Structure formats: structure tokens, C-alpha cells
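Q: Each chain, letter by letter, is given below.
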Amino acid sequence: MPAFIENIAFLQEGPFAIPRWEALFTNIDVIWQGALVTLLVASLGLVLALVLGTVIGVMSTSHWKIPRAIARVYVEFFQNTPLLIQVFMLYNAIPLLYPGLFIPVIVIGIMGVGMYHGAYIGEVVRAGIQSIGRGQLEAALSQGFSYIGTMRYVIIPQAMRIVLPPLTNQAVNLIKNTSVIAIIAGGDLMYAGDSFAGRYGHYGPTYVVVGLIYFMMCFPLAVLTRRLEDRTRAA
Amino acid sequence: MIELIGVSKHFGLHYALKDINLQVPTGQKLVIIGPSGSGKSTLIRCINMLEKPSAGQVIIDGVDITAHRAPVAKVRQEVAMVFQQFNLYPHKTVLENVSLAPIVVCGISKEEATESALKYLDRVGLAEKADQYPAQLSGGQQQRVAIARALNMHPKVMLFDEPTSALDPEMIQEVLEVIIGLAHSGITMLVVTHEMGFAKEAADRVIFIDDGSIIEDGTPEHFFENPQHDRTKLFLSKILR
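Those sequence lines, one after another, are chains H and P. Just so you know, we're using our numbering here: the first sequence kicks off at 1 and counts up by one. Just so you know, we're using our numbering here: the second sequence kicks off at 1 and counts up by one.
Chain H on its own, in the form it takes in the complex:
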């Protein structure tokens, strides 16, 4: 070991000591497995959030009161309570309501982040729909399109171009928020890191590496967001 490293005190003892790094890298497969679970939960959660968000967004712009009200309640509920509590409730309340029903933790994680970000994406989609001029709605209706058909073929394809930057931003938040499933032993990156670090107290190196892996997942999306914003501005 080079001499100058021996002179760096925080690498000799304490949370970032070199043996802790060595221990982490000999067990790094545990971390990678967690990362895979996180990717799985994030991608399926994003699909669920996009579907829910589109439905909620369309409902919020409907001219009928009832779907608008349902969408409002949904959005306010999921935006104004902590995701942590929502996931906890999904995990603990479903078995109480439906005894015997077993839902894998990963599915609970997907539902949790999907429903939570569905509310945010619903607001993004609503703003996107409302940014499309009334003339488009009228043109489609005047050709005999139904309300749903108007949305599907005319409004949403145009709104999607506008909402793509805020949507990728939501995807970044969704990836980070999958970490809350660690509290229900979700087997994700945060959980893998936590349980490994907790066993021997290797918190320092583990959180650095886990943080870096989250960064590697999110940063490309953040770059994409900025590119899309530039493109939208140019258009």
C-alpha cells in the first residue's frame, strides 16, 4: 500500500476505513442484485404510473363532473401523503382486508411507486392536454370523434411531446423513490445496501456505492430531460 495512503487518517479507521471498502467489494454481488430489483420495480412502476397518469389526466380534463372529481381526490390523496406511509399501508392493510391474499413485496413496490407517481404524472398530463388549443378538440369533435377518440388520436399525441421533459423528470424521481420499499424488505438496492451495511457497520462505503449506482440510473434520464427541453424550446 503506498505510503501516502497510510497517512490519510479516515482511510485507516472510522466509517470509511479501507477494510470496509474491501469487505464491500468482495460482497458486491449482493448490491448488484439489489440494483436489478430496483431496475425491475422502477421500470414496471413507471409503466403503471404512465397508464394511471394518462387515465387520471384525461379524467381531470373531462367536461363531466364525476370523473373530474374522482381524479381530483386521487391526485390530492397520493400527492399529500408520504409515499412511505402508502407503501406501508399497502403492505400491511391488504392482508387485513383480504386475509390469505399474498402479494409479493416487489409487486407492492411497483404498485406503491406506480400509484404515487401516477398522481404526479396525471397532473403533468392534465397540464399538457390543457396546453393544446381548443381548436384541436373542436376539429376532432366536428369530424365525429368521440371524446375518448379525440383524446387518443388528436390531443394526447400532441400533449405527449410537450410533457416529455416533465415526464422524464418524474421517471428520475420514481427511480429514487423505489428506495422506500426497503422498509418492507423489498430486496431493492437500498435494502441490499442497508442490510449489508448494517451487518458489520460498513455504512460509509456502502452508501457511497449505492448512491453512485442510483446516480448512474438517474443521470442519463436527467440529461435526456434537458435535451428534450431544448428540443421543445426549439420547436
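Derived by calculation from the structure, the hints in this document are not laboratory data. Keep in mind the model is a prediction, meaning the values are calculated, not measured. Ideal Cβ placement from N, Cα and C applies to all residues, glycine included. Among these hints, one or two may not hold up.
[What the hints assert, rightly or not] Selected chain H positions facing chain P (in silico; Cβ < 10 Å):
#1 GLN86
#2 PRO95
#3 PRO99
#4 GLN136
#5 ALA140
#6 LEU141
#7 GLN143
#8 GLY144
#9 TYR153
#10 VAL154
#11 GLN158
[Said to hold, decoys possible] Have a look at the derived ranges for each label pair, beta carbon to beta carbon:
#12 P:GLY186 with H:GLY133: 50 to 56 Å
#13 P:MET1 with H:SER62: 31 to 37 Å
#14 H:VAL107 with P:SER109: 40 to 46 Å
#15 H:TRP64 with P:ALA67: 31 to 37 Å
#16 P:GLU177 with H:GLU229: 42 to 48 Å
#17 H:ALA222 with P:HIS194: 48 to 54 Å
Fit chain P to the supplied structure of chain H, relying on the hints for placement.
A: Frame of chain H; chain P shown alone:
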């Protein structure tokens, strides 16, 4: 046959239309003239229920489209509209603009809808623009595409809501020529316009609307040469200088 019985429309306290009674026989070319804010656009928009009348009935070929649970979408397939601002679908090519509704709404096969779309694009002189996007076209060309889009629904009625008002002067003629060409077909046409030359050339009948009421109703000759009402005379004196 289009029939309006006692149609009123108010926005808050403002009455845009007051107790309109109007019959438009099949095949008639009706031009609707009036000062801005007179209610002429509201009138034409009530005929395809883009505005819902506050009172009265709109009956198209025997179907009361103001009735509860009326088949409005079905009737709209036969009552095409051309808008002042064109309202083409910007994310679709010219060809897709013209063929989208026939495919999705009417369930016509893609081949058939494309073939007839190209036929109508050719008729408005824009077949070579089929693969471009609306933003690549001039205003006059966009409006001609909008007319082809309306025609490809094979409508019985065509509604034109100030089709040349948003155009640069040098493009008005190319659009009017297409509309005049249509006027020689059997289709029923209602045209809200400020183009008096067009009214003289293409209309069977002219109505003048002021302050939400029809105050003049007759042939173009009657309207331009022998108007009855002082307000009509005043309007014409301002416009025909």
C-alpha cells in the same frame, strides 16, 4: 334539410343568438353575413353542436340534435366544418389529416380512405403535398387541406366559419376558388364570410345577422341591391366602399 326552431344562445347575460328560426333546404348555398360579434359564428357552430343552444331545437334531416342523448357524433360525420384557423392536426401529415377520421370514425379501410383522400387533395390542388406536415404549408394551402379533410367525410352539409379571415390577402382567392367549385355540387353549404364577392357569385341566399337576430333574408340580388333594413344598408355602405 336543416331547421332551427327558436334557437337562442347566451353566454352569461349576453345573448349571442335570440330566437332564431331558419330553414335551409338540401343543396342550398347559404351565406351568412354580419358585423363581428353579431352571432353569425355562434349560429353556424350550433348546427354541429360545438355550441349547445340555450333554448330551441336544431333539426338535421329529421334528427333533433339538441335532444337528450341525440346521436350528435353520428350527425357530425355528415356535417363537416371548416374553421377560420384551419385546425389541422399538426402531428399528422397532410394525407393523414385527410384520412384519419374516415378510418377511425367511419371505419373505412385505410386503402380506401387514402385513395379518396388523394382524390380530394388533388381536387384542392395539393396532392403533391400529401407527405408534408401542416406547418410546412402556407395558410391558404392549410385551409385547402382542411377543405379536403372535410370533403373526405363525404358530408351532406359543409359549414364554413370565416374560412378566409385568417389568410393573407394574396391567399384568399385560392381558397375561395375551391369553395366556389364546391358550390357547383349538390352539397348543402352554410358559409359565414366577409367576402361579398363570394356571396354574390356563389350564394343562393344571403342572411344578415345583427345583434343575435336575422334581420335580412333573401337572394344575393335582393340583399345587395334592395336591402330592406336600415342596419343592412349601413353595414353595406361601410363594406362596399
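Q: Next step is simple, just say for each hint if it's right about the structure.
A: For each hint, the structure was consulted:
1. Annotation: interface hint on H:GLN86 violated; nearest CB of chain P at approximately 36 Å, more than 10 Å.
2. For H:PRO95, the suggested interface contact is broken, since its CB lies about 45 Å from the closest CB of chain P, more than 10 Å.
3. For the restraint placing H:PRO99 at the interface with chain P, the shortest Cβ-Cβ distance is roughly 45 Å, beyond the 10 Å limit, so the hint is violated.
4. Because the smallest distance between the Cβ of H:GLN136 and any Cβ of chain P comes to about 6 Å, under 10 Å, the interface hint for this residue holds.
5. Because the closest C-beta pair between H:ALA140 and chain P is about 8 Å apart, less than 10 Å, the hint holds.
6. Checking H:LEU141 against chain P: minimum C-beta separation of about 7 Å stays under 10 Å; hint holds.
7. The beta carbon of H:GLN143 is positioned within 10 Å of a beta carbon in chain P (closest approach about 4 Å), and the interface hint is therefore held.
8. A distance limit of 10 Å between C-beta atoms decides the matter here; for H:GLY144 the minimum to chain P is near 4 Å, and the interface restraint holds.
9. For the restraint placing H:TYR153 at the interface with chain P, the shortest Cβ-Cβ distance is roughly 6 Å, inside the 10 Å limit, so the hint holds.
10. This hint holds: H:VAL154 has a C-beta 6 Å from the nearest C-beta of chain P, less than the 10 Å allowed.
11. For H:GLN158, the suggested interface contact is upheld, since its CB lies about 5 Å from the closest CB of chain P, less than 10 Å.
12. With their beta carbons about 34 Å apart, P:GLY186 and H:GLY133 fall outside the hinted range of 50 to 56 Å.
13. A C-beta distance of roughly 34 Å is found between P:MET1 and H:SER62, which places it inside the suggested range of 31 to 37 Å.
14. Judged by the Cβ atoms, the range 40 to 46 Å given for H:VAL107 and P:SER109 holds: they are separated by roughly 42 Å.
15. Checked against the hint of 31 to 37 Å, the C-beta distance between H:TRP64 and P:ALA67 comes to roughly 19 Å, which is inconsistent with it.
16. Between P:GLU177 and H:GLU229, the C-beta spacing of about 44 Å keeps the proposed range 42 to 48 Å intact.
17. Separation of H:ALA222 from P:HIS194 is about 52 Å and conforms to the stated range, judged on CB atoms against 48 to 54 Å.
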